[in-house]
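These protein sequence lines are chains A and B, in that order. Mapped onto our numbering, the consecutive letters of the first sequence carry residue numbers 1 to 266. Mapped onto our numbering, the consecutive letters of the second sequence carry residue numbers 1001 to 1310.
Please note that a few of the clues may not be correct.
[Claimed, not checked] Derived lysine-lysine pairs resembling DSS-like cross-links, with alpha carbons at most 27 Å apart: (1) B:LYS1215 - A:LYS110; (2) A:LYS127 - A:LYS110; (3) A:LYS210 - A:LYS190; (4) A:LYS233 - A:LYS18; (5) A:LYS127 - A:LYS190; (6) A:LYS110 - B:LYS1005.
Just so you know, the hints here were simulated from the structure itself, not pulled from any lab data.
Now for the letters of each chain:
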Amino acid sequence: MAVAEENMMVKVPVFETKNFSLVRGDRELFRGLDIEASPGTVVAVIGPNGAGKSSLLMALTAVLAPTSGECVIQGRAAGSYSRAELATLIAWQGELPPTEFGLTVEHRLKLAAMGSGDSGLMHHAVKEMGIGVLLSRNLAELSSGERQRVEIASVMLRDCSLWLFDEPTSHLDLQHQVTCLNMFRREARKGRVIVTVLHDIQQAASVADKVVLIDGRGGIECGDVRAMMVADKLESLFRVKLTTISLDGCEVHLPDYRDHKDMGER
Amino acid sequence: MNSGKIFGSIVLSLILVYVVLGAGEAWINPFSPASAMEQTILWELRIPRLLIAFAVGGMLAMAGSWFQVLLGNPLAEPYVLGVAGSSATGAILLMTIAGSVWLMSAGAFAGAMVGIATVMAFAYLGTGRLLLAGVVLAAFWGAFITLLLALMPEHDISLAFAWMMGDLSSSDIPTAILLLVWVIALLYGLSLSRSLDALLLGERHATMLGVDVPKLRRTLLILASFVTAIAVTAAGTIGFVGLVIPHLMRLLFGSLHRIALPASAFGGGLLLMLADAASRSVIAPAELPVGVLTAMIGVPLFLWLLLKRT
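My request is simple: use the sequences and hints to build the entire structure.
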């Protein structure tokens, strides 16, 4: 039985934090985050550039030590595991790996599988992300979007109960954005917890159960998606004006990309 | 596909060994030396020298591939952090003070150790600044060498230059020990291959794949520097093998270390053997500096492969 399915049956939180705070250099990124993620939860992390979204992911996996509180993963403090143990519990997608050393897509996926060599999992991930034709290609020859699909597939090879994604859709075309988010929902139903940093508030609203809003000035808030994705919270978080419309009974918040000072001249 | 390449490489290597043993001031058939004289030349000059070249070349190529992955920089090579510079400084310093060639090797090794210790002090800074510190240290040792050369008596200068350009005709480290270091370095490197592979994805990815990156970085730094120190002590500074061979082997066999590392260990050895044979044959009985030959063989080979691949 897959790791995530076992979690689903016992229903212990995959991870939880209490009074979780992080200072980097002389800047306080966030203060007092309380979050509990039971199996099957998708958590979206949103906030402005440089607010500390990636750092939050790093703190959850004990790469960065929190200044207060702790992240408890499956009953034990994250910092008390060895890196090798954490690697069996958590998979992470982040920056695109360097291309200098001539890795092929196939080798890159092999490294992610960490020698487990589950060919069924490999077949599934490759098919879902549509990278079958790229397998023998060098990473350096791919576009950013293709490389990002390889990175997402790399996480899919890891049967961990916690998946962390750092802007998984930033380089993807529309089709693959949809594929990726659907995959998140499906994998969450299997009992995994997925924490994903997103910039698109529509994506966050449609995929997440819980949302973390982080403002980069110490403020951090976590709650149910309906309570968090409301116009006034998002407007003050990103400092933009939003128009709210109702679509199939759901609220959709749209920014206005036009420059009104410039409008008269056009 | 790879097994074909490996078979081809083995055949090519055997032909190379045959040519390298035969070539010299006069051609000697390695299977049937024509006279007792030729027999002696073969067994007491050419074979020991071939083994030294093989071990040194292999060590340099392995060290090069480790430094490249450790520093995340494809331009890194065994001398990038100044180990060769400090080693040469030690050798020349002891030669100037004591005037003994035997002491040069002791000085070279001591110098290399000083170089490694200095670099280790910067290891915790992370790869970017470690590389910067190494490059600056290399420049410092270079200046030190120039100073010593400026001060030393004229007849010593050619000796110092000969040492620095690399010389495989004799090694003060017994050949058996060189081969043993080659074997140990290869086996130890292979035991690290999974962590090294993960490091190809960058430090953050390696950490997330369960690698203790700070520990791996220290281990690699010591291993690569030590192997470089042995190679430099045995044969002086021979450039280019450590830069080109790891890339060449990655192009041929892929980047995963389980294959790329042994390929570098053998490929580096073969390239240096070939370069050494050329260096003592081209203008025999005089010899060319072997470091010049490694570059002259290595550069066209590398550029050709680079063009073929793109």
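Original post:
Can you list which hints this structure breaks, lowest number first?
Top reply: Failing hints: none at all.
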